[in-house]
Amino acid sequence: MRFRTTALVAAVAALGLTAGCGAADMTKQASPFANARGSKTVTLSVQSWVGAQSNVAVAQYVLEHELGYRVDTVQVDEVPAWDALSQGRVDALLEDWGHPDQEKRYVADKKTITDAGELGVTGHIGWFVPTYLAKRHPDITDWRNLDKYASLFRTAESGGKGQLMDGSPSYVTNDKALVANLKLDYQVVFAGSEAAQITQMKQFAKDEKPFLTYWYTPQWLSKKVPMTEVRLPPYKEGCDADPAKVACAYPHTPLKKFLNADFAKSGGKAAAFLKKFRWTTEDQNEVSLMIADQRMSPQDAARTWVRGHPEVWKRWLS
Amino acid sequence: MTLTVPTRKPPTDAPVFSVDGLWKVFGPKADRVPADPELSALDAAGLRARTGCTAAVRDVSFDVLKGEVFVVMGLSGSGKSTLVRCLTRLIEPTAGTIAIDGEDVRAMDKGRLRELRRHRAAMVFQHFGLLPHRTVLDNVAYGLEIQGVGRSERRERAAEVVAKVGLEGMEKRRPGQLSGGQRQRVGLARALAVDPEVLLFDEPFSALDPLIRRDMQEEVVRLHREEGRTMVFITHDLSEALKLGDRIALMRDGRVVQLGTPEEIVGSPADDYVRAFVRDVPREQVLTVRTAMRPASAADAAGGPAVRPEATVAEAIEAVARAGTAARVVDAGRCLGVVDSDTLLGVVAGTADPAGPARPDTVPAGAGAPAPAVTAPPGKPGAPGAGPAPAAATPEAASGARTAGAGGRRAPASPTPPRTGTEAI
Amino acid sequence: MATLSVPASRLGADRLLRSRALGKLLLLALFAAVLAPWAAARWPGAAWPHALTVDLSGPLASASDWVVDNRDSHPLFLYFFGYVSNAVVLCVRAVYLTLLAAGWAGVTVFGALVAWRVAGVRLAAGTAAAFLACGALGMWVPTMQTLALMVVAVLASLALGMLLGLAAGLSDRLDRALRPVLDTMQVLPAFAYLLPVVLVFGIGVPAAVLATVVYAAPPMARLTSLGLRAADPGVMEAVASLGATFRQRLLTARLPLARKEIMLGVNQTIMMALSMAVIASMIGAGGLGDRVYQALASVDVGAALAAGIPIVLLAVVLDRVTAAVGERLGEGAEAAPGRTAARRAVLAAVLAAVVLLGRLTGALTWPGGWVADIAAPVNTAKDWMVDHLYSGVPVVGGTADWAAHFTTWVLDPIRDGLQGLPWWALLLVVAAVAWLIGTWRTALTATLAMAAIGVLGVWKPSLDTLSQVLAAVAVTLVIGFGAAVAAARSARCERMLRPVLDVCQTMPQFVYLIPVVALFGVGRAPAAAAAVVYALPAVIRIVGQGLRQVDPGALEAARSLGATGAQQLWQVQLPLARRALLLAVNQCVVLVLAVVVVGGLVGGGALGYNVVFGLAQGDLATGLVAGAAIVCLGLMLDRVTQPVERHVRKGA
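Residue numbers (the numbering used here), protein chains in the order written: chain V, 1 to 318; chain P, 1001 to 1425; chain W, 2001 to 2652.
Treat the hints with care, since some could be wrong.
[What the hints assert, rightly or not] Coverage of chain P stretches by chain W, computed from C-beta distances (three or more under 8 Å per stretch; other residues unrestricted):
hint: 1; region: 1125 to 1131
hint: 2; region: 1257 to 1269
[Said to hold, decoys possible] Label pairs and their computed distance ranges (CB to CB):
hint: 3; chain 1: V; residue 1: K236; chain 2: W; residue 2: S2057; range: 48 to 54 Å
hint: 4; chain 1: P; residue 1: S1206; chain 2: W; residue 2: Q2567; range: 41 to 47 Å
hint: 5; chain 1: P; residue 1: E1153; chain 2: W; residue 2: A2352; range: 35 to 41 Å
[To be verified] With a Cα cut of at most 25 Å, we get these calculated DSS-like pairs of lysine-lysine:
hint: 6; chain 1: V; residue 1: K110; chain 2: V; residue 2: K256
hint: 7; chain 1: V; residue 1: K223; chain 2: W; residue 2: K2460
hint: 8; chain 1: V; residue 1: K269; chain 2: V; residue 2: K314
hint: 9; chain 1: V; residue 1: K206; chain 2: V; residue 2: K223
hint: 10; chain 1: V; residue 1: K209; chain 2: V; residue 2: K176
hint: 11; chain 1: V; residue 1: K183; chain 2: W; residue 2: K2460
hint: 12; chain 1: W; residue 1: K2460; chain 2: V; residue 2: K161
hint: 13; chain 1: W; residue 1: K2382; chain 2: V; residue 2: K206
hint: 14; chain 1: W; residue 1: K2460; chain 2: V; residue 2: K176
hint: 15; chain 1: V; residue 1: K245; chain 2: W; residue 2: K2460
hint: 16; chain 1: W; residue 1: K2382; chain 2: V; residue 2: K202
hint: 17; chain 1: V; residue 1: K276; chain 2: V; residue 2: K265
hint: 18; chain 1: V; residue 1: K256; chain 2: V; residue 2: K223
In short, the hints are calculated from the structure, not lab data.
Each residue gets a CB set at the ideal place from its N, CA and C atoms; glycine is no exception.
Modelling step: build the complete structure from the supplied sequences, incorporating the hints.
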């Protein structure tokens, strides 16, 4: 009995002590792998598409070889990356396709994330068919004619309907609502990841088979498999406000960078560099192609690009 | 109090264990069974039907005297193992009293009880109960470790005991690498290492091969001869009971049906159950000439070989057959009686009433009468042995035994083992 | 049931069994006859009626918002979760820095020395080779990150599991309360654990470690409790008879007696934790899992393999070493204390020298020149395979054709059948199957779990997942039983299979996705295929063991009567191995479900996709509901296939 009382007292005392020491804010917590062995570390979030990998690869190369940082990369999808960014578990998000809710919450309200300017690349999402198909059936590029060709796009996964192939679940997509609201005879099939989607598209393209897919630009694959966009009802400001009632095309989005607010303030050269990091669609595609098509490692691709374009990245360091 | 009978050992004054009216009932609301005379009178099936309880031990009383080997024997399910566990409250008794050296065991608190288990009574188990992850030496030292004895001291003491039970050179082995007999030697050594007042054996050799069992029995006999430690020995093997026991309590369905020396159990079975039990025992190996002899006539006193009264009938037969005449039973120079081929054959054939011819007049009062079994105070309802008394338990004999009491020492005062030391004179 | 002769009792039991089964069915039929028309009239249509669902997405979404808004201000987070999170980060960081400070040579030598001391020279060589391979694949730093995370997660799991196991092992009441929970946690897919921790801790290492702990602690708790309860009562009595106190009984007898089970628990915990390493990378674990995840996202099979191989190597090495420790404990061999101390000193000196040498030469990080790039050749090989096997292979057809056929001819009919069946009919089927195989209790649990899926409003995707599970289970059982029978009948076959099974069983679930995507593309078929590959080893092993353990006397008797091989198999071996077969089915279902939901990453869709979607979009409501549905599905499938014995045998 006495033993138990002692234990209880000790526990309460310990609790009191730790609590007395103050609060533990887990939102101010770096990754345990950061800043190992004295060198300064920057943690970059990578998204699953190759364009994002290209941004990170080049930024990583410059940070490591020109500025002497260690770079950790973490694979996080965009939305969770906002949360991780806010908590300081990653320092930067280099390619954001527009998340107004998150922007309002973290940048405007909580001020834990800072807007770091535009990436220089403009993104656009849409429905695409391969150009060889568009040449065969010129009228297929209007959404109103899609039902006519639904039988072309039928697969095992889509059942009796035409297949509209979507990619990674992490991407911004209104496709299910669009199919429903435009009353199309189509079934949205998720490939589960962009890579899976690309594999499938390449297979189709090899045999010049017809397919309809959710796609976006800039995308390196467009160089290998030329794609033509299907015209959806035109985008108007606010027509995508209610995700369930969307019946219009996707907007053209200037892609943006975001930094953790603390990192932006005290990140020194690294933060300054990331704020200035800005390149063009062509630059990004060049790196992406090396990674995705020539199967170079992101490091090698970044090295090649950096050697070829000193005039671009020297600007980021000034 | 229970009456004690003289044994072939030197029993000294106070009993080590004194058990009185002990009950162990398993089942729901077990307490009411011993308390309620109606319930306690029921047989096993009746009790189970009425209450859902099982009485493993029913109203058992006995004393264990210092220095004796007290055997509790019975078939499986007779309650003997439960009984021995009640002695140190490994199983909590339901009713009755247990005293060790006069101290009430049931009234002990936890600490006191632990003291009892640590220093006063150690147990040897049928399935050894060794710790498989420890060496032989550490197993033997375990009891000392529990007591808080320092490492080097307990190892030293354990090594002595290991040598005593004949396991030298195996100290570093683990139980898994030993044979059954060796394991039980470890179990024995572990019990001995704490130097207990009483050793409790719970069917220690039942799991062993016959040959090894005999070795181990002899080991126990040897230890007892050397140390004179009090032992309570549980067994289902009658020959083992007869071989080791100074006194035997025979249990059936939780009751003690007869308590007495091996000779009394074999010679005067208390009831048909006991009789059936001992039927196949070679009586000449158990009964002594004291019970077999007839009064000496003048003619007999003259010659023939002399045998001691505690010689077995078998030994007497050999002597008689060699000499070709009757043999005299001589104790301290006095001729107590005579055995001839007729009386001896009567014993072997089981036709003679063994106690009959030997009893009266020739036996000097108080000089060690072959006392009949007296198992419990008469008059208790359902007490074993209270019914038809054993053949020899006439009132006079009983009172004689009572007056003789513990003082009734037997002739060979030296602590010789029961069977091995006797031979024809 | 006192019968005189054996045949009579067998017959009697058979008849009893059949009549009991019939009775159960009749009762259910009666029940259905009353309720089904009413339900059908009230809520027409096959799908779960909308009126009976509870929409949780609103409350869950606001809960998740509340957490995000209050994470840096609410006392619950500041004074509790914050400390937990900080402690995890601190520990992982400390281990990680230690590993880095030791350098690659130090870590390799340390691992080899430990393996040598506990498991002998061969395993020591294997350990060293495994570490060097990790470095050679260019994965040294990710390997160390994963290792640091694993060390912390495993230690925490062991501590938690030990605590729970002690509680359950010593108190009957706690055991009754904990056992069903632990049993259930054991059968749930790792995937289902991710979302709740993310809700509280956000993406990152703390969430990953805690999810791993929650996933990996139950086997330790179960086995510890089992070991404590299985302590030889004879030994415990002997110990009590010597006057040991409660503490002494526990420390000197009960725990040491349970050491084999506890060691097995350690082994299982490590394996579970490692299998979680990759899945946890979805919530920010980093390390090797992250590399696999990244590679998988770009279908870079070569890169995925380069990151997957170190995981497999770690798993195999840790499995063998801990198993060897368990065996050694069982044998109970031990060196003399003096020699051990001396040896330890020598080993420590060797280690210190290596670390120092590493520091002095500045070779702490794996030298960049020593990295072999396997990704490129693997990808070439894969491309060749895809080109030649994927499609249009004469006669047999390509793998893509197989996948398409499997989808149209197997997956679609099952899915449509399930979705076309009225919901109440499906509940009845579940109840009937569970009751026939198990007890009314398992039937009730299974039915309630199934109904809960409907109430959660994910009836349709759940049936989609269920159809994939059923199809994969069927394929697994056919192949697995065939392979096991072959292995049981031919020693050579068994010798060939064993090492393969050994390796397969220690591989994390995720690794199976890589080659499957390469061969079958994306969709439901590859998810099912990965599940088949994952569950196959366990099924083959359990069935094989069951067949081998059949009483040789019975088999000999059958042979002496002139039974053919087939007769022996069908009439003796299979009936006698019934228990093992049922266990195999149960295990198969559980394992298949675990991978089918992970298949959401490669186009499996349904519940797994919802979880991935929930994680990717930060839509915790969708993810949590899907996770709960996976839990219910797992519970239902486990109960439906759970043979009676497991419940009759109480306290074992």
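Hint check:
Judged by the Cβ-Cβ criterion of 8 Å, the region 1125 to 1131 of chain P is covered by chain W as claimed, because 7 of its residues qualify and three suffice. Interface restraint, the region 1257 to 1269 of chain P with chain W: violated (0 residues with C-beta to C-beta distance below 8 Å; minimum three). Separated by about 28 Å at the C-beta atoms, K236(V) and S2057(W) break the suggested range of 48 to 54 Å. The hinted range of 41 to 47 Å is satisfied by S1206(P) and Q2567(W), whose Cβ atoms lie roughly 44 Å apart.
Look at E1153(P) against A2352(W): about 37 Å separates their beta carbons, and that is inside 35 to 41 Å. Between K110(V) and K256(V), the direct Cα distance comes to roughly 19 Å. Compliance with the 25 Å bound is thereby established for this hinted pair. Between the alpha carbons of K223(V) and K2460(W) the distance comes to roughly 39 Å, so the proposed pair goes past 25 Å and is violated. Between K269(V) and K314(V) the alpha-carbon distance is near 14 Å, which keeps this suggested pair within the 25 Å criterion.
For the hint linking K206(V) to K223(V), the alpha-carbon distance of about 14 Å falls within 25 Å, and the restraint holds. Under the criterion of a C-alpha separation no larger than 25 Å, the hint pairing K209(V) with K176(V) is consistent with the structure, at around 23 Å. Note on K183(V) and K2460(W): the hinted pairing holds, with a Cα-Cα distance of about 21 Å set against a maximum of 25 Å. Annotation: proposed proximity of K2460(W) to K161(V) holds, straight-line Cα distance about 18 Å (limit 25 Å).
About 16 Å separates the Cα atoms of K2382(W) and K206(V), which keeps this hinted pair within 25 Å; it holds. Annotation: proposed proximity of K2460(W) to K176(V) holds, straight-line Cα distance about 16 Å (limit 25 Å). At roughly 23 Å between alpha-carbon atoms, K245(V) and K2460(W) fall within 25 Å of each other, so this suggested pair holds. A distance of roughly 15 Å separates the Cα atoms of K2382(W) and K202(V); the hinted pair therefore holds under the 25 Å criterion.
As the CA atoms of K276(V) and K265(V) are separated by approximately 14 Å, the hinted pair is consistent with the 25 Å bound. Pair hint K256(V) plus K223(V) holds up; C-alpha atoms about 24 Å apart against a cutoff of 25 Å.
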